[in-house]
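Trainee: Taken in order, these protein sequences are the chains called A and B.
Using the numbering used here, read the first sequence as starting at 1 and increasing by one per residue.
Using the numbering used here, read the second sequence as starting at 231 and increasing by one per residue.
Errors might be hidden in some of the hints.
Unchecked claim - Pairs of lysine-lysine, DSS-like flavour, derived with a Cα cap of 30 Å:
#1 A:Lys-90 <-> B:Lys-321
#2 B:Lys-321 <-> A:Lys-98
#3 A:Lys-98 <-> B:Lys-396
#4 A:Lys-99 <-> A:Lys-62
#5 A:Lys-83 <-> B:Lys-321
#6 B:Lys-321 <-> B:Lys-412
#7 A:Lys-185 <-> A:Lys-135
#8 A:Lys-187 <-> A:Lys-221
#9 B:Lys-390 <-> A:Lys-99
#10 A:Lys-15 <-> A:Lys-62
#11 A:Lys-98 <-> B:Lys-299
#12 B:Lys-412 <-> B:Lys-299
#13 B:Lys-282 <-> A:Lys-116
#14 B:Lys-390 <-> A:Lys-98
#15 B:Lys-390 <-> B:Lys-280
#16 B:Lys-299 <-> A:Lys-135
#17 A:Lys-99 <-> B:Lys-458
#18 A:Lys-90 <-> B:Lys-412
#19 B:Lys-321 <-> B:Lys-293
#20 A:Lys-90 <-> A:Lys-116
#21 B:Lys-458 <-> B:Lys-282
#22 B:Lys-247 <-> A:Lys-99
#23 A:Lys-62 <-> A:Lys-83
#24 A:Lys-62 <-> A:Lys-193
#25 B:Lys-412 <-> B:Lys-396
These are computed hints drawn from the structure, not numbers from a lab.
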Amino acid sequence: MDSQMNELYGNNGPKQVHFSPYAFNGGTVLAVAGEDFAVVASDTRLSEGFSIHSRDTPKTYKLSDKTVLGSCGFHGDVLTLTKVIGARLKMFEHSHNKKMSTSSIAAMLSTMLYYKRFFPYYVYNIIGGIDDEGKGCVYSFDPVGSYEREAYRAGGSASSMLQPLLDNQIGFKNQEGATVVPLSKEKAVALVKDVFISAAERDIYTGDAIIVQVVTKDGVKTEQFPLRKD
Amino acid sequence: MTERYSFSLTTFSPSGKLVQIEYALAAVSAGAPSVGIKALNGVVLATEKKQKSILYDDQSIHKIDYITKNIGMVYSGMGPDYRVLLTRARKLAQTYYLTYQEQIPTAQLVQRVATVMQEFTQSGGVRPFGVSLLVAGWDEDEERPYLYQCDPSGAYFAWKATAMGKNHINGKTFLEKRYSEKLELEDAVHTSILTLKESFEGQMTEDNIEIGICNQDGFRRLAPSEIKDYLASVS
Chain A
1 MDSQMNELYG NNGPKQVHFS PYAFNGGTVL AVAGEDFAVV ASDTRLSEGF
51 SIHSRDTPKT YKLSDKTVLG SCGFHGDVLT LTKVIGARLK MFEHSHNKKM
101 STSSIAAMLS TMLYYKRFFP YYVYNIIGGI DDEGKGCVYS FDPVGSYERE
151 AYRAGGSASS MLQPLLDNQI GFKNQEGATV VPLSKEKAVA LVKDVFISAA
201 ERDIYTGDAI IVQVVTKDGV KTEQFPLRKD
Chain B
231 MTERYSFSLT TFSPSGKLVQ IEYALAAVSA GAPSVGIKAL NGVVLATEKK
281 QKSILYDDQS IHKIDYITKN IGMVYSGMGP DYRVLLTRAR KLAQTYYLTY
331 QEQIPTAQLV QRVATVMQEF TQSGGVRPFG VSLLVAGWDE DEERPYLYQC
381 DPSGAYFAWK ATAMGKNHIN GKTFLEKRYS EKLELEDAVH TSILTLKESF
431 EGQMTEDNIE IGICNQDGFR RLAPSEIKDY LASVS
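Only chain A is shown next, with the shape it has when bound in the complex (with noise of 0.2 Å):
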């Protein structure tokens, strides 16, 4: 097929146009989960291929006082996504009187990512919040709705590199005779601006800004950090 059109034409033959209904707009998302605190941290920079289309466009969303999520991959999915979700969390307090814990959020997430199943939301999710117990939780998606919770994830570009750094930072794992500490809040926070420095270093898609949101009982705080802009 290929080999024989190569042979015809050489390498100016017919080609047939596709229309691609996802774009890749980079950016990488990051959650832990401590012991009355969640952290979720994003990078600003939106590209597309070696484009670079803003340096402030944040992919964090505050969803509620107790849950953030962090979203990434095709932002045109990312922006209908969170506007779902905000309308079905408006439409949950109307109706119940009440607001909508992390783990519900999570698990209709869950439910309308694999409502489209057939045509996917091309999007890489984690939410991160407290529980119905006050505890830290974090919990990550696929494009379809597979969810877990889990102490710490990355997703996005620089997952990746991300994640095998936080296995031993945050895990302890693969270290040897290693005292398992709990994390504290500052050491979280410290620690994810540490990690997405790194990533701005070898990732081209991660850069320019991080924002960190940090989740107590107290509400969401945010901080701002500065990142490698080239």
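Following the hints, complete the assembly by docking chain B onto the known chain A.
Mentor: Then chain B, alone, in the frame of chain A:
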């Protein structure tokens, strides 16, 4: 496939009534009496279950049944219509759990069931359900009991205590006198038996009434032996 009517069979009369719903309520009022009472620490549902012949196997089929671990239901009116709504309610509860990974709150379940009943007063080619439902639930989050009634029209009401079916007016009058905010579940069971007794013809036994209770341990139907003990303390 069967053709569907595109027009509703439940239409307005000149006086502004939906007569089909009135007739459905008449079917309910002709049905066996049922009673629900909310106590401080739970809810009780009770109903008369008179069988027409001694040959009936009365412990095989139940009028009082669970929808979820924490919510139960009883009816007055047409048994087959009740079965359909019971199945629907169970499915609605599980669908909620699938989406939110949480047990459905009683109020949410009632609102959804009532919506089904309303749809049957407006959809094409169907008739309203010939039952009124009493839904008893315990919400784990808020740690409190709930008692709701659902009517054929789709209207629903939250009650502290109520009676449905034959003699329901006398039943409610009786409850108005006997009800107190400080009732414990044990007393409420006792009171529900007395309420049923008001309209009972003949001897009340553990086989011709059914009682269900709903508290922090969830919803369950009382065994005939337990009912027998309560009846002994009544007479």
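Trainee: Next step is simple, just say for each hint if it's right about the structure.
Mentor: Hint-by-hint comparison with the structure:
With a CA separation close to 24 Å, the supplied pair Lys-90 (chain A) and Lys-321 (chain B) stays within the 30 Å bound. Restraint check for Lys-321 (chain B) and Lys-98 (chain A): satisfied, since their Cα atoms lie roughly 23 Å apart, inside the 30 Å limit. Proposed proximity of Lys-98 (chain A) and Lys-396 (chain B) is contradicted: the alpha carbons are some 39 Å apart, above 30 Å. A distance of roughly 13 Å separates the Cα atoms of Lys-99 (chain A) and Lys-62 (chain A); the hinted pair therefore holds under the 30 Å criterion.
Restraint check for Lys-83 (chain A) and Lys-321 (chain B): satisfied, since their Cα atoms lie roughly 29 Å apart, inside the 30 Å limit. Taken as a hint, the Lys-321 (chain B) and Lys-412 (chain B) pair is broken in the structure, with Cα atoms around 35 Å apart against an allowance of 30 Å. This hinted pair checks out: Lys-185 (chain A) and Lys-135 (chain A) have alpha carbons roughly 13 Å apart, not beyond 30 Å. A hinted pair counts as satisfied when its Cα atoms are at most 30 Å apart, and Lys-187 (chain A) with Lys-221 (chain A) qualifies at roughly 16 Å.
Only pairs whose Cα atoms come within 30 Å are accepted, and Lys-390 (chain B) paired with Lys-99 (chain A) is accepted, the gap being roughly 27 Å. Using a Cα cut-off of 30 Å, the hinted pair Lys-15 (chain A) and Lys-62 (chain A) is violated, with the two alpha carbons roughly 45 Å apart. Proposed proximity of Lys-98 (chain A) and Lys-299 (chain B) is supported: the alpha carbons are some 22 Å apart, at most 30 Å. For the hint pairing Lys-412 (chain B) with Lys-299 (chain B), the CA-to-CA distance comes to about 26 Å; that is within 30 Å, so the pair holds.
A hinted pair counts as satisfied when its Cα atoms are at most 30 Å apart, and Lys-282 (chain B) with Lys-116 (chain A) does not qualify at roughly 54 Å. Distance check on the hinted pair: Lys-390 (chain B) and Lys-98 (chain A) sit about 23 Å apart at the alpha-carbon level, within 30 Å; holds. Our distance criterion of 30 Å between C-alpha atoms is met by Lys-390 (chain B) and Lys-280 (chain B), whose separation comes to about 26 Å. At most 30 Å may separate the alpha-carbon atoms for a hinted pair to count; Lys-299 (chain B) and Lys-135 (chain A) meet this at roughly 27 Å.
Pair hint Lys-99 (chain A) plus Lys-458 (chain B) does not hold up; C-alpha atoms about 45 Å apart against a cutoff of 30 Å. For the hint pairing Lys-90 (chain A) with Lys-412 (chain B), the CA-to-CA distance comes to about 37 Å; that exceeds 30 Å, so the pair is violated. A C-alpha spacing of about 18 Å is found between Lys-321 (chain B) and Lys-293 (chain B), which places the hinted pair at or below 30 Å, so the restraint holds. This hinted pair checks out: Lys-90 (chain A) and Lys-116 (chain A) have alpha carbons roughly 21 Å apart, not beyond 30 Å.
Of the pairs offered as hints, the one joining Lys-458 (chain B) and Lys-282 (chain B) holds, with about 21 Å between alpha carbons and a cut-off of 30 Å not exceeded. The suggested pairing of Lys-247 (chain B) with Lys-99 (chain A) is violated, with an alpha-carbon distance near 39 Å, which exceeds 30 Å. A C-alpha spacing of about 12 Å is found between Lys-62 (chain A) and Lys-83 (chain A), which places the hinted pair at or below 30 Å, so the restraint holds. Among the hinted pairs, Lys-62 (chain A) with Lys-193 (chain A) is consistent with the structure: their alpha-carbon atoms are about 19 Å apart, no more than 30 Å.
Only pairs whose Cα atoms come within 30 Å are accepted, and Lys-412 (chain B) paired with Lys-396 (chain B) is accepted, the gap being roughly 28 Å.
In this structure, the earlier hints numbered 3, 6, 10, 13, 17, 18 and 22 are contradicted, and the remaining ones agree with it.
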